[in-house]
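Full structure from sequences and hints, please.
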Amino acid sequence: MNKIYLDNQATTPLDPAVLDAMMPYLTHKFGNAASRSHAFGWEAEEAVDIAREQVANLISATPQEIIFTSGATESINLALKGSAQTESIKKHIITFKTEHKAVLDICEFLENSGFEVTYLPVNSDGLIDLDKLKLAIREDTFLVSVLHANNEIGVIQPIAEIGEICKNNNLIFHIDAAQSVGKIPIDVEKMNIHLLSFSAHKIYGPKGCGALYVRRKNPRIELTAIIHGGGHEKGFRSGTLAVHNIVGLGKACEISRELMDDESIQISLLRDKLLNGLKSEIPNLRINGSMDNRLAGNLNVCFPSTKSDSIMMSMRDIALSSGSACTSASIQPSHVLKALGLNKEQSHASIRFGIGRFNTETEIEYTIEKVVKTVNRFRKVAV
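Residues are numbered in this note's numbering as their position in the sequence shown, beginning at 1, plus a constant of 1.
The set of hints was computed from the structure by calculation and includes no laboratory data.
Only a predicted model underlies this, so the values are computations on that prediction, with no experimental measurement involved.
All clues given are correct.
Derived CB-CB ranges, DEER-like: (1) Lys345 to Glu282: 23 to 29 Å; (2) Lys308 to Asn171: 46 to 52 Å; (3) Gly115 to Arg380: 50 to 56 Å; (4) Asn344 to Pro284: 17 to 23 Å; (5) Arg217 to Arg258: 20 to 26 Å; (6) Leu27 to Ser239: 20 to 26 Å; (7) Arg317 to Lys274: 21 to 27 Å.
For lysine-lysine, the following DSBU-like pairs were computed, each having C-alpha atoms within a straight-line distance of at most 35 Å: (8) Lys98 to Lys168; (9) Lys135 to Lys191; (10) Lys308 to Lys339; (11) Lys135 to Lys91; (12) Lys218 to Lys235; (13) Lys133 to Lys91; (14) Lys168 to Lys135; (15) Lys339 to Lys133; (16) Lys345 to Lys102; (17) Lys92 to Lys133; (18) Lys381 to Lys308; (19) Lys191 to Lys274; (20) Lys339 to Lys98; (21) Lys133 to Lys218; (22) Lys102 to Lys371; (23) Lys339 to Lys92; (24) Lys91 to Lys191; (25) Lys374 to Lys280; (26) Lys30 to Lys208; (27) Lys218 to Lys191; (28) Lys208 to Lys345; (29) Lys235 to Lys92; (30) Lys102 to Lys191; (31) Lys345 to Lys371; (32) Lys102 to Lys92; (33) Lys82 to Lys345.
Note that CB positions come from ideal geometry on N, CA and C, so glycine has one too.
Rendered as structure tokens:
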């Protein structure tokens with residue numbers, strides 16, 4: 002058995018069709034999209050325009066509302082800092098304890114800059130309490146930021162309902178959709194979303210590229226740029242466009258839109274096979290997060306009386322993780338699992354399985370066998 006990749010929430014392999022679309026712009030179609038005086042530039046600009054439309058189609062936006070960035074982290078920085086710097090009166094932001102560190106760290110930065118942030122809890126399934134959100138809104142609240150689907154536990158939040166609350170209270174609504182874009186349907190109009198951030202590399206596209214959706218009407222969202230030097234991307238994000246990456250992002254969005262429904266069924270079947278196989282052979286395991294409101298490809302499992310690092314080190318042919326790749330160097334327990342009520346030992350006994358487009362049933366069967374043997378072996382030693 003070759004190495005098995007089950008860490009698709011951290012990143013995804015490049016889809017061969019995406020690579021094929023990118024290659025001309027890495028070789029002979031090398032023009033600068035801002036060069037308007039010759040055919041090389043026109044060719045690059047046309048490619049960017051096509052990609053912008055492909056991205057917009059995936060989330061039911063218009064191409065004019067798509068800003069290209071280097072990834073979700075930059076998009077989130079532009080969304081939150083750009084909104085905060087534009088807001089001259091109100092100083093209160095609402096977010097949640099299970100957000101990605103990209104949001105939490107920016108909120109800490111904004112707190113040090115004079116803003117006040119409320120971090121709302123989630124329940125033991127990882128879900129937001131809408132009543133608590135309503136109660137947290139103040140006269141000086143101007144923005145709510147929500148992680149649509151959690152990167153560690155895959156729990157999907159009720160975005161349409163949150164969007165309605167924000168609309169009724171005239172609040173800017175930002176969602177971090179790094180894990181959800183291309184995997185579950187998103188309609189920015191129907192969901193009342195004002196700002197949406199995501200990355201290409203989570204949907205089988207290239208690293209180093211992402212996008213920010215910025216609503217242009219009803220209401221029009223104003224942002225202050227955080228990168229200056231040329232006025233690219235309508236003044237929101239200066240810098241020469243990485244045409245090859247943008248083409249890759251566009252193609253990845255197009256493929257995800259075409260495959261979404263069938264792929265979700267395929268991946269959920271593999272996920273359920275994995276879960277049932279583990280449950281039948283390993284007693285007392287715990288599923289972290291709601292199974293009813295969850296991404297198809299995510300499974301986060303606590304194996305009591307074990308340590309996840311030891312399990313993963315014993316299975317070097319299977320790529321797994323114990324949480325977010327962005328904080329994997331930290332020895333601290335996952336802030337997400339802590340928010341669900343897990344203690345330190347339970348957090349350190351939890352493993353995230355991330356199933357994706359290219360995983361097979363044979364790989365899942367092998368993983369079940371290997372995990373069962375490894376967990377039960379470590380438990381015997383611990384007794």
